[in-house]
Amino acid sequence: MSAVLRAFRDEVHGALRDPGALLVLVGAISLYAFFYPTPYRREVLKEVPVAVVDLDRTPLSRQLARMADAHELVRVTSRPASLAEAERLVLRGNAGGILAIPSGFERDVKRGAPATVGVFADATYFLVYRQALTGLAEATATLSAGIEVKRLQAQGMPEAKALAFRDPLPLVSRPLFNPAEGYASYVVPGVLILILQQTLLIGIGLRGAADLDVLGKGSLLARATASVIGRSLAFCLLYAVHALFYFGIVARIFGFPVRGGGLAAAALVVPFLLSTSFLGLALSVLFRRREAAIQTLLFTSLPAIFLASYAWPPEALPAWLRAASQAIPSTSAIPALLRVNQMGASLAHVRHELAVLWGLAIVFFVAAVLSHAARARSSSPA
Amino acid sequence: MALGDAPGVFRAARREAYQLVSSRYALVLLVLLPLAGFALVSAIFWNRLPSDLPVAVVDADRSLLSRRLVRMIDATKSMRVTGPFASPAEAFDEVLAAQAYAVVTIPAHLERDVKRGAAPKVVLYYDALRLIPGSIVKRDVRAVVGTLSAGVEIQARKALGETPDVAAARFEPVRSMRGALFNPGLDYLAFLVPALGPTLLSIFVLVGAVHALGAELRDGTAGEWLAAGGSATRAVMGALLPQTLHFTALGLVATALQFRLLGIPMRGSPLLIALATILLVLAYQAAGLLIVAFSANLRLASSAAAFYGGPAFAFTGVTFPTFGMPVAAKAWGALLPLTHYLELLLGQAMRGAPPSASFAPLAALAAFVVLVPPLALWRMGRVMRDPSYWGRT
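Chains as they are written, first to last, in the working numbering: chain A, 1 to 382; chain B, 1 to 393.
Be careful, since some hints might not be right.
Counterexamples of contact, computed for chain A against chain B with all Cβ distances above 10 Å [stated by the list, open to error]:
1) 49
2) 57
3) 98
4) 166
5) 171
6) 237
7) 267
8) 326
Below, in silico cross-link-like pairs of lysine-lysine (DSSO-like), each with a Cα-Cα straight-line distance of 30 Å or less [unchecked claim]:
9) A:161 <-> A:150
10) B:158 <-> B:121
11) B:330 <-> A:161
12) A:150 <-> B:121
13) A:46 <-> B:330
14) A:161 <-> A:217
15) B:158 <-> A:110
16) A:161 <-> B:115
17) A:110 <-> A:150
18) B:158 <-> A:161
19) A:150 <-> B:77
20) B:158 <-> B:115
21) B:121 <-> B:77
22) B:330 <-> A:150
23) A:46 <-> B:115
The following label-pair restraints were derived from C-beta to C-beta distances [claimed, not checked]:
24) B:185 <-> A:159: 34 to 44 Å
25) A:379 <-> B:219: 12 to 22 Å
26) B:386 <-> A:179: 56 to 66 Å
27) A:324 <-> B:274: 25 to 35 Å
28) B:86 <-> A:359: 25 to 35 Å
29) B:267 <-> A:252: 40 to 50 Å
30) B:89 <-> A:104: 45 to 55 Å
The set of hints was computed from the structure by calculation and includes no laboratory data. The C-beta atom is built at its ideal place from N, Cα and C for all residues, glycine as well.
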């Protein structure tokens with residue numbers, strides 16, 4: 001027991017006198033929390049520039065162009081004379097979408113023949129594509145609904161009945177958990193959890209593997225166990241404060257939806273931080289130089305975020321990769337914490353992830369102890 | 001005197017190359033991890049499009065019409081129906097347990113009310129926190145219900161005495177023909193892998209440059225290194241040259257592979273992309289040099305490189321476009337060579353833009369390569385000559 005306390009105390013003292021590690025374990029936490037979300041501060045991408053090719057030049061075609069411009073997702077920025085010219089604008093990135101109104105458009109509508117307009121969007125950038133296509137298609141649908149209702153009214157149908165007649169089976173779409181469909185609310189809460197994992201892994205690597213000689217005369221395995229428990233306790237306590245800061249304060253500053261948290265979040269954070277610290281300690285044995293932790297782990301953030309069941313659906317991963325990704329704590333911690341914090345899920349809803357995190361904690365604990373003991377044996381002369 | 005014995009770029013490069021070849025860590029950092037990274041991001045998006053996303057349906061009607069709606073949702077490629085659920089609460093539980101991305105509720109008496117013209121509402125609740133699956137489900141449920149609704153309307157028009165042709169012509173006076181330009185399959189592999197590969201490359205080039213230059217300071221071998229180069233500029237160039245060649249080759253091969261092997265379309269100029277890839281490697285080496293020169297400490301330089309290279313992807317505008325960002329984020333993005341590289345790459349490869357459209361990003365990349373090194377070398381020369389900067393960790 002005293003060896004555990006000794007390892008804990010040494011880690012706290014050592015870390016406090018280690019500016020390089022403090023920069024990652026403490027400084028990076030606030031820095032990234034406020035730096036990373038800046039691209040998404042406006043939450044929803046609006047006013048995507050679009051080109052309108054009006055080959056009809058009638059009151060009705062101009063009305064459609066006005067309705068497109070009035071839609072919040074798009075803004076008509078150019079009116080090229082031909083489709084080819086509009087395509088050149090998209091090629092150069094000057095327009096994200098095209099509304100093409102053919103000649104004879106108004107005439108067809110007046111004759112009662114179906115008129116078709118072209119709605120094209122640049123799928124090189126997916127968000128541009130979605131907003132431009134949605135804005136242009138909704139403006140067209142609104143115009144169409146108005147015309148049809150007027151026609152039905154002209155045939156003597158009351159307005160309410162005409163509305164029901166033209167869309168007898170209406171669909172109401174309601175976004176869950178993120179009412180404004182904000183991009184920051186979607187990306188940032190998950191990335192914050194990843195930042196906790198990555199800085200903890202790198203910070204532990206920067207602190208380096210422990211010297212077991214200072215922990216008395218017990219067996220190698222006992223000393224390695226005491227060191228792993230004592231040091232991870234120090235890291236976990238520090239990161240419990242960080243987690244509280246992220247979930248309690250940062251989420252509110254940015255106005256992310258918060259529907260739950262509290263005890264269920266705490267129940268997830270404990271095995272998440274334990275498994276991450278043990279993994280960090282196991283990995284630290286591999287790093288001969290302390291900066292190797294930053295150099296080798298930096299790139300892992302990018303794949304880890306796409307493996308964590310929220311930026312990319314797990315159903316779309318190859319089965320072997322989905323199974324292998326369970327070895328990363330963030331793969332379970334991010335979706336589970338998002339559901340608890342942002343969706344208001346209970347512990348029962350995340351019991352699968354909870355079990356995986358505890359399993360990882362046990363496996364990485366054993367790995368950390370054995371690797372520290374093996375390292376001490378190979379480095380001691382006796 | 002044989003070539004390479006005289007102090008100069010070549011001797012410094014040979015010295016660095018020997019160090020790299022004899023180091024197992026360099027093999028891991030410069031070869032194994034980049035290859036693993038490329039393989040991993042390709043594997044993640046291997047399936048190109050999510051399919052069979054689970055949707056929880058609560059059918060309170062159980063009529064022919066409601067069952068038809070459920071079958072149509074299930075028959076889409078993108079979705080599959082889970083259930084049946086007796087109550088909305090049970091279905092929402094599925095969403096909270098990550099067993100479904102959306103709930104569709106079909107009200108009781110749907111079929112009867114549709115026949116009466118009462119326009120009963122089917123409600124789709126979709127998960128807007130998991131944006132990609134959520135928006136796919138939203139788009140496709142809308143399409144299914146829209147198709148069904150149009151069918152009912154056409155039947156109603158026929159009942160009013162319209163001929164099938166007239167009914168089909170009148171049910172929606174203005175229609176939109178929708179099309180995706182440049183990525184018709186809406187393929188996420190083609191969208192994300194060409195962007196994520198260079199992002200990983202930029203991280204490894206930066207880390208590699210910082211390591212090559214910073215380790216000389218850490219190990220106190222800067223004097224020997226300077227002697228090999230003859231001057232600070234030549235010594236730095238020599239130390240970076242092996243990695244310039246290595247990462248340029250890796251970048252070109254990886255770029256070529258993704259277009260050939262993964263079937264990602266390549267519509268523009270391969271020559272321009274190759275030129276930009278070389279500039280990308282040089283620009284990140286220049287950034288690494290700047291960071292080492294001004295930190296004069298390998299560990300601090302590694303942390304700074306992590307800050308510069310780690311979150312870069314979010315600022316490039318690939319996921320959330322630049323024109324929607326606040327000025328500060330736009331400015332930071334412009335200071336990253338990756339932003340300009342990806343603009344050029346996506347413009348060329350995906351859109352097949354004319355070369356003139358790629359001039360601005362190419363010039364921006366070249367600006368990093370031309371403007372950063374003089375400033376960095378001025379300071380680096382002093383750090384290399386002053387032993388008080390050596391051995392810091």
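Outcome of the hint check:
Chain B draws residue 49 of chain A into its interface by the beta-carbon criterion, the shortest separation being 8 Å against a cut-off of 10 Å. Every CB of chain B is more than 10 Å from the CB of residue 57 of chain A (nearest about 16 Å), matching its label as outside the interface. A cut-off of 10 Å between C-beta atoms contradicts the statement that residue 98 of chain A is not in contact with chain B; the least separation is 8 Å. Taking the minimum C-beta to C-beta distance to chain B, about 6 Å, the non-interface status of residue 166 of chain A is violated against the 10 Å cut.
A Cβ of chain B approaches the Cβ of residue 171 of chain A within 10 Å, the least distance being about 4 Å, so the stated non-interface status is violated. Annotated as non-interface, residue 237 of chain A keeps its C-beta farther than 10 Å from every C-beta of chain B; the closest such distance is 23 Å. Annotated as non-interface, residue 267 of chain A keeps its C-beta farther than 10 Å from every C-beta of chain B; the closest such distance is 15 Å. Residue-level check passed: residue 326 of chain A sits 14 Å from the nearest beta carbon of chain B, beyond 10 Å.
A threshold of 30 Å between alpha carbons decides the hint, and for residue 161 of chain A with residue 150 of chain A the separation of about 12 Å falls inside it, so the pair holds. In summary, the hint linking residue 158 of chain B to residue 121 of chain B is supported, as the alpha carbons are separated by about 23 Å, within the 30 Å threshold. A threshold of 30 Å between alpha carbons decides the hint, and for residue 330 of chain B with residue 161 of chain A the separation of about 50 Å lies outside it, so the pair is violated. For the hint pairing residue 150 of chain A with residue 121 of chain B, the CA-to-CA distance comes to about 22 Å; that is within 30 Å, so the pair holds.
Between residue 46 of chain A and residue 330 of chain B, the direct Cα distance comes to roughly 16 Å. Compliance with the 30 Å bound is thereby established for this hinted pair. Taking the CA atoms of residue 161 of chain A and residue 217 of chain A, the gap is about 88 Å. The hint is violated against a cut of 30 Å. Simply put, residue 158 of chain B and residue 110 of chain A have alpha-carbon atoms about 21 Å apart, close enough for the 30 Å limit, and the pair holds. A threshold of 30 Å between alpha carbons decides the hint, and for residue 161 of chain A with residue 115 of chain B the separation of about 13 Å falls inside it, so the pair holds.
Between residue 110 of chain A and residue 150 of chain A, the direct Cα distance comes to roughly 12 Å. Compliance with the 30 Å bound is thereby established for this hinted pair. In summary, the hint linking residue 158 of chain B to residue 161 of chain A is supported, as the alpha carbons are separated by about 17 Å, within the 30 Å threshold. Using a Cα cut-off of 30 Å, the hinted pair residue 150 of chain A and residue 77 of chain B is violated, with the two alpha carbons roughly 37 Å apart. Proximity of residue 158 of chain B to residue 115 of chain B is assessed by CA-CA distance (about 14 Å); at most 30 Å being required, the pair is judged to hold.
Restraint check for residue 121 of chain B and residue 77 of chain B: satisfied, since their Cα atoms lie roughly 24 Å apart, inside the 30 Å limit. Distance check on the hinted pair: residue 330 of chain B and residue 150 of chain A sit about 46 Å apart at the alpha-carbon level, beyond 30 Å; violated. Note on residue 46 of chain A and residue 115 of chain B: the hinted pairing is violated, with a Cα-Cα distance of about 39 Å set against a maximum of 30 Å. At about 42 Å, the beta-carbon gap between residue 185 of chain B and residue 159 of chain A stays in the expected band of 34 to 44 Å.
Restraint check, residue 379 of chain A to residue 219 of chain B: a C-beta distance of roughly 21 Å satisfies the suggested window 12 to 22 Å. In this structure the hint that residue 386 of chain B and residue 179 of chain A lie 56 to 66 Å apart at CB holds, the actual value being about 58 Å. The hinted range of 25 to 35 Å is satisfied by residue 324 of chain A and residue 274 of chain B, whose Cβ atoms lie roughly 34 Å apart. The beta-carbon spacing between residue 86 of chain B and residue 359 of chain A, approximately 33 Å, falls within the hinted interval of 25 to 35 Å.
The beta-carbon spacing between residue 267 of chain B and residue 252 of chain A, approximately 46 Å, falls within the hinted interval of 40 to 50 Å. With their beta carbons about 53 Å apart, residue 89 of chain B and residue 104 of chain A fall inside the hinted range of 45 to 55 Å.
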